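Protein chains in written order, with the working numbering: chain C, 1 to 74; chain U, 1 to 367.
To be clear, the hints were calculated from the coordinates, so they are not data collected in a lab.
Where hints are given, some of them may not hold.
As the list claims (entries may be wrong) - Computed from the model, here is a short list of chain C residues facing chain U with C-beta under 10 Å: (1) L9; (2) G10; (3) W24; (4) P27; (5) E29; (6) E31; (7) Q39; (8) W40; (9) L44; (10) R54; (11) E58; (12) R61.
Unchecked claim - Non-contacting residues of chain U with respect to chain C, defined by C-beta distances greater than 12 Å in every case (computed): (13) K92; (14) M183; (15) A210; (16) P212; (17) V238; (18) K281; (19) Q301; (20) Q324; (21) L354.
On a predicted model such as this, the values are computed, not experimentally measured, just so you know.
C-beta: ideal position from N, C-alpha, C; glycine also.
Chain by chain, the residues:
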Amino acid sequence: MKRSLALLLGVATMLGGCAAPEPWVKPYERERLADPIMQWQGDLLASKNSQHVRDIREGARGANGVQGGGCGCK
Amino acid sequence: MAASKVIGRLLQSLSALLGGAFAMQGAKAAPLPPDHAEAMYHRYSGGGLTSDGPALLVRKNLLDKVSLTGQVYVDAVSNASVDVVTTASPYKERRTEYGLGLEYAVRDANITLGLASSKEPDYRADSFSVDVAQETFGGMTTVNLGFTRGADKVGQKTIGFFDQAKHWQYRIGVTQILTSRWMASANLEAIADSGYLGNPYRAARVFGAAVPENVPRTRSSRALNLRVIGDLGSRDAVRGSYRYFWDNWDVKSHTFEGGYSRYVGESFLLDGFLRHYRQGKASFYSDDAQVQNTYVTRNRQLGTYDGNTLGGKVTYSWKKVPGQYEIKFNGALEVLRYRYSDYTDLRSGSTYSLSASVLQLYVTANY
């Protein structure tokens with residue numbers, strides 16, 4: 001118990017000496033990231049349609065970033 | 001007028017409550033997406049099932065603070081798939097889904113409220129969602145939190161609505177700018193269901209005889225999705241993702257996807273992707289059960305199988321006036337194939353496989 005507490009205090013002390021990291025990509029350097037090709041998903045309706053096709057045929061669901069309404073197609 | 005004030009105050013209270021959960025940096029407003037419209041025709045065809053219809057989406061900003069989105073999505077289904085022709089009768093039906101979204105920008109956060117309603121003759125699903133996206137760390141990190149509550153009415157054509165189902169979805173995600181060309185994200189979603197989660201038309205097989213399927217009335221699942229995307233520097237980009245899914249029905253799955261986008265000339269954008277899906281069966285799934293259990297299903301969606309999808313898209317920028325509007329025509333085609341390890345096609349006696357295609361033709365406009 002004492003050993004764990006000492007370790008915790010040691011780690012906290014070390015972290016306390018660290019400065020918070022600065023954002024290393026400045027806003028003016030993010031032009032490429034805003035390009036339409038830098039999207040994980042396509043347009044809204046197309047993504048919804050593709051996801052609907054998969055939701056009906058696959059047991060997995062969720063964490064895909066596409067919101068869809070329910071249906072009785074399971 | 002009074003109603004709009006009440007909604008405004010509610011949004012402000014909600015933003016203060018949810019936005020306050022994260023460290024605020026600066027007081028600039030997170031940008032709302034531009035005014036936007038999409039009109040699409042979609043068609044799925046394969047395995048004896050055809051589904052097609054139109055879809056329409058319009059998004060409009062109001063006062064630079066609120067963005068309203070309305071959408072309609074129609075599925076006209078003609079179903080003569082393998083389980084329908086072997087255990088029921090082919091049918092035609094139409095599903096119409098309406099959606100309404102309200103996105104509100106406050107400080108570095110965007111709050112989105114959503115309503116969705118889907119209607120078909122024997123099923124009705126309504127849901128409400130709230131999502132918060134909070135930019136932090138100088139805009140390099142975006143944290144997302146979301147919740148959806150759904151309520152369904154389950155019916156059967158001969159007897160009408162006879163049961164219900166409820167759904168709770170909880171989402172959390174982080175998107176991180178890695179360099180001036182690369183981004184990564186991690187998303188976790190937990191879903192809980194309660195109520196009638198089967199299909200009243202579907203039959204299972206026990207000792208070779210057809211019996212009504214019976215699945216548990218609760219389900220709890222988790223999905224973790226890791227994604228990365230990068231600009232390759234030649235007006236092209238590459239992306240990849242991996243999703244792991246698991247639930248308390250013992251379904252486990254892996255999804256791998258990789259894609260590539262490239263501008264060609266001034267007007268064309270080409271995109272291609274490859275997707276692989278692999279799944280292990282639910283504990284109560286059986287092609288032909290040899291033990292009498294409480295729960296049994298022959299829903300091949302809960303069986304053991306893998307699937308591959310190859311997709312391509314062409315986008316043509318028809319008219320563009322910088323700062324005013326842009327109109328694009330899009331055509332996308334996906335070819336998919338699923339191979340089932342433990343689902344027998346009762347017509348042939350061999351294991352079943354499904355080949356299908358998805359066509360999307362649509363116009364988008366930013367203005």
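Problem - Assertion that L354 (chain U) lies farther than 12 Å from chain C (Cβ) - result: Answer for L354 (chain U): violated, closest chain C Cβ roughly 8 Å.
Handout entry: Interface hint outcome for G10 (chain C) [beta carbon to chain U under 10 Å]
Key = Nearest chain U Cβ about 26 Å off; hint violated.
Problem - Supplied contact hint for R61 (chain C), tested at 10 Å Cβ to chain U - result: Cβ of R61 (chain C) sits 6 Å from chain U, so the hint holds.
Handout entry: Satisfaction of the L44 (chain C) interface hint, Cβ to chain U closer than 10 Å
Key = At about 6 Å, which falls below the 10 Å cut-off, the nearest Cβ of chain U leaves the hint on L44 (chain C) intact, so it holds.
Practice task
Report holds if the minimum CB distance from A210 (chain U) to chain C is greater than 12 Å, and violated otherwise.
Solution key: 19 Å, holds
Handout entry: Minimum beta-carbon distance criterion (10 Å), W40 (chain C) to chain U
Key = Holds, because the Cβ-Cβ distance from W40 (chain C) to chain U comes to roughly 5 Å (cut-off 10 Å).
Handout entry: Reported absence of V238 (chain U) from the contact zone with chain C (all CB gaps over 12 Å)
Key = 10 Å, violated
Handout entry: W24 (chain C) as an interface hint toward chain U, with CB separation required under 10 Å
Key = Constraint on W24 (chain C) satisfied, holds at 8 Å.
Practice task
Closer than 10 Å between Cβ atoms is the bar; does R54 (chain C) clear it against chain U? Give me holds or violated.
Solution key: 8 Å, holds
Exercise for the section: Examine each Cβ of chain C, and state whether all of them lie more than 12 Å from the Cβ of K281 (chain U). Expected result: Nearest chain C Cβ is 8 Å from K281 (chain U), so the label is violated.
Handout entry: Reported absence of P212 (chain U) from the contact zone with chain C (all CB gaps over 12 Å)
Key = 16 Å, holds
Handout entry: Status of the hint placing E29 (chain C) at chain U (closest C-beta pair under 10 Å)
Key = 4 Å, holds
Against the hints set out earlier in the document, violations occur for numbers 1, 2, 14, 17, 18, 19, 21.
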